[in-house]
Amino acid sequence: MLNSAAQNATAAAPLRRPRSLLRDTLQRLTKDVFVVICAVYLAALLVIAIAPGVFAPVGYAVTDFPEKFQPPGTVATQGTLAGHTYWMGSDKLGRDILSRLIYGTRVSMAVALMGASISFVIGITYGLVAGYSSKHVDNFMMRIVDIIYAYPTLILIILLQVYLTTLAQKPPDEMGAFGQLVVTIDNASGGLFFVFVAIGVVSWLNMARLVRGQTLHYRQQEFVQAARVVGAKDQRIMGRHLLPNIIGPCIVAETLAIPTYIYTEAFLSFIGLGIQPPLPSWGSMIADGYGAMRTAPWVLFFPAIALSLTMLAFNFLGDALRDALDPKTRK
Amino acid sequence: MIRLIVRRLLWFIPVFFVVTGITFVTMHALPGGPFDKEKTPPAMVQQMENAFGLNRPVYEQYFIWLGNAARLNFGPSLALRGKPVAGFLLPGLAVSVQLGIMALLFAFAVGLPAGIIAAYHRGRWQDRTATLVAILGVSIPAIVLGPLLVWVFGLWLDWLPVAQWEPLTEGFWPWLSHLILPAITLGAGISAIVARLTRASLLQVLNEDYIRTAHAKGLPRQLVTMRHALRNALIPIVTYIGPLTAAVITGSLVVEQVFAIPGMGRYFVTSITSRDYPMVMAVVVIYAMVIVLANLSVDILYIFIDPRISDAE
Numbered sequence: 001m002l003n004s005a006a007q008n009a010t011a012a013a014p015l016r017r018p019r020s021l022l023r024d025t026l027q028r029l030t031k032d033v034f035v036v037i038c039a040v041y042l043a044a045l046l047v048i049a050i051a052p053g054v055f056a057p058v059g060y061a062v063t064d065f066p067e068k069f070q071p072p073g074t075v076a077t078q079g080t081l082a083g084h085t086y087w088m089g090s091d092k093l094g095r096d097i098l099s100r101l102i103y104g105t106r107v108s109m110a111v112a113l114m115g116a117s118i119s120f121v122i123g124i125t126y127g128l129v130a131g132y133s134s135k136h137v138d139n140f141m142m143r144i145v146d147i148i149y150a151y152p153t154l155i156l157i158i159l160l161q162v163y164l165t166t167l168a169q170k171p172p173d174e175m176g177a178f179g180q181l182v183v184t185i186d187n188a189s190g191g192l193f194f195v196f197v198a199i200g201v202v203s204w205l206n207m208a209r210l211v212r213g214q215t216l217h218y219r220q221q222e223f224v225q226a227a228r229v230v231g232a233k234d235q236r237i238m239g240r241h242l243l244p245n246i247i248g249p250c251i252v253a254e255t256l257a258i259p260t261y262i263y264t265e266a267f268l269s270f271i272g273l274g275i276q277p278p279l280p281s282w283g284s285m286i287a288d289g290y291g292a293m294r295t296a297p298w299v300l301f302f303p304a305i306a307l308s309l310t311m312l313a314f315n316f317l318g319d320a321l322r323d324a325l326d327p328k329t330r331k
Numbered sequence: 001m002i003r004l005i006v007r008r009l010l011w012f013i014p015v016f017f018v019v020t021g022i023t024f025v026t027m028h029a030l031p032g033g034p035f036d037k038e039k040t041p042p043a044m045v046q047q048m049e050n051a052f053g054l055n056r057p058v059y060e061q062y063f064i065w066l067g068n069a070a071r072l073n074f075g076p077s078l079a080l081r082g083k084p085v086a087g088f089l090l091p092g093l094a095v096s097v098q099l100g101i102m103a104l105l106f107a108f109a110v111g112l113p114a115g116i117i118a119a120y121h122r123g124r125w126q127d128r129t130a131t132l133v134a135i136l137g138v139s140i141p142a143i144v145l146g147p148l149l150v151w152v153f154g155l156w157l158d159w160l161p162v163a164q165w166e167p168l169t170e171g172f173w174p175w176l177s178h179l180i181l182p183a184i185t186l187g188a189g190i191s192a193i194v195a196r197l198t199r200a201s202l203l204q205v206l207n208e209d210y211i212r213t214a215h216a217k218g219l220p221r222q223l224v225t226m227r228h229a230l231r232n233a234l235i236p237i238v239t240y241i242g243p244l245t246a247a248v249i250t251g252s253l254v255v256e257q258v259f260a261i262p263g264m265g266r267y268f269v270t271s272i273t274s275r276d277y278p279m280v281m282a283v284v285v286i287y288a289m290v291i292v293l294a295n296l297s298v299d300i301l302y303i304f305i306d307p308r309i310s311d312a313e
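Residue numbers (the numbering used here), protein chains in the order written: chain A, 1 to 331; chain B, 1 to 313.
The hints are all genuine.
Output of the computed footprint for chain A on chain B, the stretches with three or more beta carbons under 8 angstroms from beta carbons of chain A: (1) 20-30; (2) 127-139; (3) 150-156; (4) 243-256; (5) 263-273; (6) 288-294.
DEER-style ranges, computed between Cβ atoms: (7) B:159 - A:59: 36 to 44 angstroms; (8) A:227 - B:236: 29 to 37 angstroms; (9) A:125 - B:87: 41 to 49 angstroms; (10) B:304 - A:32: 40 to 48 angstroms; (11) A:87 - B:109: 38 to 46 angstroms; (12) B:236 - A:244: 24 to 32 angstroms; (13) B:94 - A:228: 55 to 63 angstroms.
No lab work stands behind these hints: they were computed from the structure. Keep in mind it's a predicted model, so treat the numbers as computed, not measured. Every residue gets a Cβ at the ideal spot worked out from N, C-alpha and C, and that includes glycine.
With the rest of the complex left out, here is chain A (with noise of 0.2 angstroms):
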């Protein structure tokens, strides 16, 4: 698509020559070196989130109570981990933290993904059906989104996750084989299976609405009554005309909506209801230097530094996005 509009461009101004919209956007990104620090920053976290063992001096759940809250620059002389330096201090257990918020990554930056993975395929298709539909169907599909909306996000999201750590306490034999499969996977995942699953549910809402509204607005346009009429099938026209047009404002939205479920994540495990223990969550941490702050402060400023950065990381990152996807800034 993008390919034979710029061909199509060649053609009716031969002296241009061809440039694809990934690669404008690219370079007016790359001018900016706070985005260029962002871009390594997140890119740095996914590698440590990928592999956290290779990075993590020791193991998350490593304790060594005679060396409980040693301030940053420490080394241990008793316990399991003698010898051993705690860059950033150790928390209540002995633990060291700066391995406990490198196992943290994995956590927020799985959280990252699956929530933008599950509104991307969701929001996207529901918002174009519901959009390229006729309008009985936009208006029922869309009036159920309205109706999950009234519903405060949080809320839901913590009735949900309730929900689903309750039921997975249920004996075995209770649950049927699909329930059992499903709390494996979320016990083998430390609690995180069901964190998606609640943030998944809302996720997609917002972008279905984004969608919905610009597949309404770009339905009526030439092309698309164009290809209607050489023939394109439904599917064919949401996809390949419809959804280029539209998914540049959605990358958008979507990089700037990253923070809320990493930040989700985190409030759900600093009141004890995301990440089970021991598997670190920088929200649970936080929670764990919140309740240290008198004598430890480290146990809390590292997480919290952690956290802000990253939120800080991908909003950066969405602003610039926005104002090089942006016709009106182009100079």
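Once you have looked at the hints, place chain B on chain A.
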């Protein structure tokens, strides 16, 4: 206009049934009941459940609840010694509303001037600083900002109390001092949103012809800003009150948790774990109502602010 309001009010009916229905079914599908404690003998649990009608089918319970809710009777709290839910939630709602209003005041007191300054100095350092601070405001979450503020102002400087709540009847300063940090925590992110909106819409308005006319006829700059530009720039901000209210509600849920404030959100989290069905239902209904009413008032306000919009369509 009346037709629009009526239509919007009618819209509340399906929302109400779906929201309460989902909550009711989810809550009752949870294993364990409000009276399951280790020391309570099973026979007594049975008796208690009979007394509160929990042994009936769920749909029957739901209709009973609906009937009571129609008479604004949200039933007794199951976890807190059978006292009426309203007795807890009304003070809780009052606390949350105070917190929300203070947070909004803070958000607009910071966000509006920041947005105006940024728009007037577009591209200069004032603009860049304001934009950067706004991104920071959106990015630093309440579970980070709250503890950090507590650490600085509560522990380090020792100026303000670190948690809890004092009603206004205990005196003005005790009330305010307990309110400042939570209100800032809740308002910070919202102020960033307000600043961004103000900047964007003011920039658009400042390009209009009538602003140039106002300048050309020699009006002082402040007057042009306040009377001509800002009034029109506020329209998009007003339409944002709906989502903003939702943000305040969700945010206060978090902030009440961080600062141990006895507001609605805290009752929600505690009652969901203690299976206090009537309490959860009441909280959810109140939240949904607030959001629907906020959206409705936006629609009405919109008509008053911008006479070009009528009920013609």
